[in-house]
Amino acid sequence: MADECCGPQEPRPTTTQTDQGPSSWWRVRELQLAAVAAVLLAVGWWIGSTGAELVGTGLMLASAVVGAASFVPGAVRGLLRRRVGVATLMTIAAIGAVALGQITEAAMLGVLFSIAEGLEHYAIARTRRGLRALLGLVPPTASVLRDGTELQIAPDELVVGDRMVLRPGERAATDGIIRTGHTNLDLSAITGESVPVEAGPGDTVHAGAINGGGAIEVEVTARASDSSLARIVHIVEEAQDRKGVGQRLADRIARPLVPAIMILAVLIAGLGALLGDPMVWLERALVVLVAASPCALAISIPLTVVAAVGAASRQGALVKGGAALEELGRIGIVALDKTGTLTRNAPRVVEVLPAGDATRDQVLTAAAALEARSEHPLARAILEAAENAPVADDVTAVPGHGLTGSLDGAQVRLGKPGWVDPGSLRGEVDRLQRAGATVVLVERDGTLLGAVAVRDELRDEAPEVISRLRGLNIDTAMLTGDNTATATALAGQAGITTVHAELLPEDKAALVGKLRNGRKIAMVGDGVNDAPALATADVGIAMGAMGTDVAIETADVALMGEDLRHLPQVLAHARHARRVMLQNVGLSLAIIGVLIPLAAFGFMGLATVVFVHETAEILVILNAIRAAKSTPLLQRVSEPF
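Note that this note's numbering has the sequence shown beginning at 1, numbered continuously upward.
These are computed hints drawn from the structure, not numbers from a lab.
Any given hint could be a false lead.
List of simulated lysine to aspartate or glutamate pairs, EDC-like, C-alpha gap at most 20 Å [as the list claims (entries may be wrong)]:
| id | residue 1 | residue 2 |
| --- | --- | --- |
| 1 | Lys416 | Glu502 |
| 2 | Lys416 | Glu428 |
| 3 | Lys514 | Asp538 |
| 4 | Lys520 | Asp538 |
| 5 | Lys520 | Glu502 |
| 6 | Lys514 | Glu502 |
| 7 | Lys416 | Asp475 |
| 8 | Lys520 | Glu428 |
| 9 | Lys416 | Asp460 |
| 10 | Lys514 | Asp475 |
| 11 | Lys416 | Asp507 |
| 12 | Lys520 | Asp475 |
| 13 | Lys520 | Asp507 |
Start from the sequences and build out the full structure, keeping to the hints where you can.
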């Protein structure tokens, strides 16, 4: 706490600069000082009660000095920099109490204030240490093949292009691509997904992944310091320092409160001296200094944010700061993209319908020729279905409609029904769309060649997720560029009743604003095609962001894994954290509001005010730590807001 509570902070070492803080509470300097001061206070009080008052008083004075060692140096440094903070108030109160002969009370102030300060530092260090523990997933050594020889080296010595050897049970030291071997990768410690993922040549391996199958060779694509895991830790550490609305409000209240309290104390002492005993009113002024200290208010939001953001990262979600956390806790409607979000993002061709005299191969070849250089998921499905397809010339994309180009001297066109006339295939196209397939039509020189139906299956967990969102009183809507029939079919399977289809990227962004209807809205997408909608929503949430720079940078929240169940989990977690924030701010303001008049009019002495004030501060710290507590998802999503 000290001056950093309510004034510009003196830079404190970050977790990357230090050893992540004390690992045990008894190693916290402030708590050690508090323990020594408490022992001196207890022994001094006992000796004084036996009749040796001079010795007892000396021990209690020593207790006050030891306890004050946790905040007086900070107060002095602050004054030298012309800063006045909470430590200044406590220093004045402690010196004043000793001057008035209230040595026991001064010692109590030092003990309790040191305990509160120590608990705050330990709580922050613990939550940050839990986040940094993600880097502990990187093994101390890595097996690498160099010049035909297998070597054991430190992860920091790996360079791009190295071949790592991962045997069953070993963790990947950095990111890479599998070149030989097939296996199952356990990503539970990184993304929170409990089901291993099958992987083979060409698949990506992220730092910290556990090889659960056969031995594989992985080509390194990033140094250990630049791996997806290291980048995620860095992003979350930065996010923990970003302020939300509640934190800025607490700052606006706390910063001017310190000088205002000092002015109030001077007025109480001065005006009271004119009306009565100057010593009595001076004592009351000192009590008011302690009673009105806003440190609990100042730490109530930052500590909650640190705890909640760190906990979310360990559950597979990157929440980018206090502002995103607060907004996430107020979401009333979630808009979801279809492809890659509600679906598996693994489309495949399910049917090819030739028209007229065309053959199945001719339809697929023409479609694949146009899609040869496209990165769209549907294009990959068509290319996988067509073998050795040529590449069309002069390919031009018509946004929201399809592609045009030339193949073997003929003009070819591929696009959605409506842009290309389905002609005699209209009935079949309608049937496939009602079954949830996306249909594209292929045309050559103005004549229909045929249709290709591609289906991206709904995620198995999608209906469960929509149900859980409904349990949180959160409405859902699907936003997609696909046709209405396909979108409606998939939405029905998932349990979504509000569907907006055939949308361009800019249409999604505009629709996000209309769907709000006075509520906070979150948009869930892939972070690339949905970037305008993600930016327009109150909270943009990117799916499958592990290793994806665009998704992490675009969204306010990034779900690291591919399991959609992380969505209701992080929403419920944010609501829980927001409740903790409101509770802490309310308790802090209530304590100040109650203690000031009681102290000013002499109803409470210094010892009582110190005890009540510091106890409330400890309660705020302990309550903030609750924001990091993790409960089973089924319990979490059923919590009322």
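Hint by hint, which ones does the structure fall short of?
5, 7, 8, 9
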